[in-house]
Amino acid sequence: MKKFSSLLHNLILTPSRNTKIKLLQDYFKTLDINRAYALAILSDQLSFQFIKASKLRELVYGQVDQHLFDYSYDYVGDLAETISLIWPTNKEGKSQNLSTLIENIKKIKKSEINTEFSKVLSELSNNERWTLIKICTGGLRIGVSERLVKTALADLYNKSVNEIEEIWHGLEFPYENLFQWLKNETSKPKIDFKKLFHPMMLANPIDEEKDFKRLDANEFQAEYKWDGIRVQLMVSSNSVSLYSRTGDNISSAFPEIIETTKGDAVIDGELLVGGNFKPSGFNDLQQRLNRKKASKDLQKKFPVFIRAYDILFYKGKDLRKLSLVERRKYLEKFQKENTTNQIDLSTIINFSTWEELTKYKNNFYDDLNEGVMIKLKNSEYLPGRKKGYWYKWKKNPKLVDAILMYAQRGHGKRSSYYSDFTFGVWKENELVPIGKAYSGYTDKELLVLDKFIRNNTTNKFGPVREVKKEIILEVAFDDVFPSTRHKSGVAMRFPRIHRIRWDKPINEVLSIKEFKKEFKID
Amino acid sequence: MDFINHQLFIKDINVHIDPILPKKTAIITHGHADHARFGHDHVIATRQTIDIMKIRYGDKCAKKFTPLRYGQKYSIKNYDFTLHPAGHILGSAQVLIEKNNHRLVITGDYKVGKDETCKNFKLVKCDTLITEATFGLPIFQHPDPKDEIQKLIRSIKINKNNCHIVGAYALGKAQRVMNLLRQQKYNETIYIHGSLEKLCQYYSKEKINIGKFEKVSSKDKSFYEGKIIIAPPSALKDRWSRRFPNPIICMASGWMTVKQRAKQQGIELPLVISDHSDWNELLDTIKKSKAKNILITHGQEDALVYYCKKQNLVSKPLSIQGRGDEEIE
Ligand SMILES: [Zn+2]
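Chains as they are written, first to last, in the working numbering: chain A, 1 to 522; chain B, 523 to 851.
Treat the hints with care, since some could be wrong.
Stated by the list, open to error - Derived contacts from chain A toward chain B, CB cut-off under 8 Å, selection only: (1) L11; (2) I12; (3) T14; (4) N18; (5) L59; (6) G62; (7) V64; (8) Y71; (9) Y75; (10) V76; (11) L79; (12) E81; (13) T82; (14) L85.
Said to hold, decoys possible - Taking lysine to any residue pairs in the SDA-like style, the calculated list, with each CA pair at most 25 Å apart, reads: (15) B:K831 - A:R17; (16) A:K468 - B:H528; (17) A:K392 - A:R499; (18) B:K785 - A:V448; (19) B:K831 - A:I12; (20) A:K451 - B:K831; (21) B:K831 - A:E58; (22) A:K444 - B:L758; (23) B:K785 - A:E58.
Bear in mind the hints are in silico, worked out from the structure with no lab data behind them. Remember, it's a predicted structure, so these values are computed and weren't measured experimentally. Don't be surprised by glycine CBs; every beta carbon is placed ideally from N, CA and C.
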């Protein structure tokens, strides 16, 4: 556990990708059961949500004064780190290795968590405690991607990352077949590809200034970027299954797709809500997401369909090495076999200059797409976010000026700055909050805002500071919907701070009525 | 307490303690820039604090200086002042003010732990205690500085082709890091940023063991491989640090307790070495001072105020102008 927790500690603090790889390689020089756990943890494959944040709080309140803990948590901004620092350490603690520790924790009965888990925490050093809490609450978020771990392993054992990538989703803890292959003791693990999720090909944001100068418009085609969720649909004669971008099986939530689709293929597409292939917006899709099952009623009210972008396999044939244009022919074949209400094709936009594409990016269907995807016509289907093949070009966001009302310290990386901002517009003579943003600003703007907040706090509610109503923020957002949960009656999608409007007096900010009118909300 | 206001100003006799703006009479606890400023008429402080002020701001940074030894009494009307070791940096002092049998202590910045670079903290019993609270949260429990300095020494041994740049405040922390390295038998020359030179020379002159040091110069890049360079934190992100071979950025500070904070500042090797008291030392000092009235300044006041109230002590925060909670030396 000492080794693994110091690995994580160093990974967090190292900015350099190369050093991270070096640290990982040092750690994975031996391949044993501890490394198997480590690999599962680093790649987020250990389904080990042993304890919830609320339970952890209950445990820590048993050890230290609740108010003192809350003050500390507000300061640190990270639950695992706060607990690891504040937890009283039993100095005679014994060090256990990672696998033994996790296996012992798995044996703890629910009824004994309070005493037994507390005992484990007391026996660890600060850093080990932090690691364990991160593991047990799921999600390390230490700035190390699964891809980086694979790269480190590949380089260390003279394999190619793509080879690891290809078999990855067919591997399982404790990775014996992987480890043996890496050590050249056996050949590459055999995986039944058709049954398995394939990592998706992702796009990089386009850099309007650089890329358009550099890239030849004739080598690319475009498609609309839809605001749904990216899915992979696997169809075979005896089963159909649907996976999310992260490889989670979400079949049971969308029975109409599972029941109606036929053939033998692996499809990449966007899951959208709407009848007759007319998407009705993310808000409606949300009614279907996060539900494990869908009643007939819900299916009728919020019908779903897949807008197909790409095809990876067709009738047992691996198409991933073919060009996008070639693959499209197979995709069209597949679609002809599935003339249901559940599958349609993403339209291809042809253009000869980048200027020509601009009008598609900004004007099409107004609210229902997010911009365009620009794809190299002869690109293979490559897992991950490879540079130079697929780009996304988001349309210009909506903008509104609003007044900064409240601020709170950010969490994680921004925990020492007031970086979460609540802003509002007028309702008669008062302000009503319309949203909350914690991104978009530059580092410089953050410093200015942080300083303003510290010097202009008028009221404190726990960690929240109310500030003098002086700063106008230009807020960019993707969309806005009516909402009954918010006092203002509106909810924004992905609001972020576009800039600070020093030039505008606060009485020129819109009223909530005007705001609703401008963005067409009843 | 009613004779001093929340700006640490005794109106009755027109005396300020650590004022931010130029004043008639200023008692200065120590030489850090958030306490010692330029332009007072009359400065009362330890000799070393006065020396440090002159090094930083020039000989004429005040019209008149009155050096006091620790424990030496200085009276203005019916107020008696004495300075007592604060253990924070060279020359640092707590101020004891006595009037009509009421004893008030202003700790200034202080630490209870051992430090070879200055006279160690002395507990002064009092009725009212004005304590700092830079690390006034229970998450701050400073480790043994020897273990922290060992981390640096180990890293130098492992990473022979890198140079280690240690961020440390120019006054106090830099010299303490050097002294700690010497205590751990690191005998190589330590390289310093130009802004540290005069203060390091002063520490040497005052017989503090910081060993051999040399100002960084435009030597060949490879010269600094395997070396330790000490620089003020502001220089770490500066172009200045790019001239060194594969630098590993370190920082010696109590703030380094929090990983996220180290990460934010781009610190690869955090060293938790503090010149301020940690949570337990703050509580201990409050308890042993026997003060019934506790005023809290500088930093994380809320938790400490809460704690004092729970102990049935009268307590409130003093927010002193010009001092944010995170720019403290
Ligand atoms: Zn200081």
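Hint check results:
no. : hint            : in the structure
1   : L11             : 10 Å, violated
2   : I12             : 6 Å, holds
3   : T14             : 6 Å, holds
4   : N18             : 11 Å, violated
5   : L59             : 16 Å, violated
6   : G62             : 15 Å, violated
7   : V64             : 6 Å, holds
8   : Y71             : 4 Å, holds
9   : Y75             : 6 Å, holds
10  : V76             : 6 Å, holds
11  : L79             : 11 Å, violated
12  : E81             : 6 Å, holds
13  : T82             : 6 Å, holds
14  : L85             : 4 Å, holds
15  : B:K831 - A:R17  : 49 Å, violated
16  : A:K468 - B:H528 : 24 Å, holds
17  : A:K392 - A:R499 : 23 Å, holds
18  : B:K785 - A:V448 : 21 Å, holds
19  : B:K831 - A:I12  : 38 Å, violated
20  : A:K451 - B:K831 : 30 Å, violated
21  : B:K831 - A:E58  : 24 Å, holds
22  : A:K444 - B:L758 : 18 Å, holds
23  : B:K785 - A:E58  : 28 Å, violated
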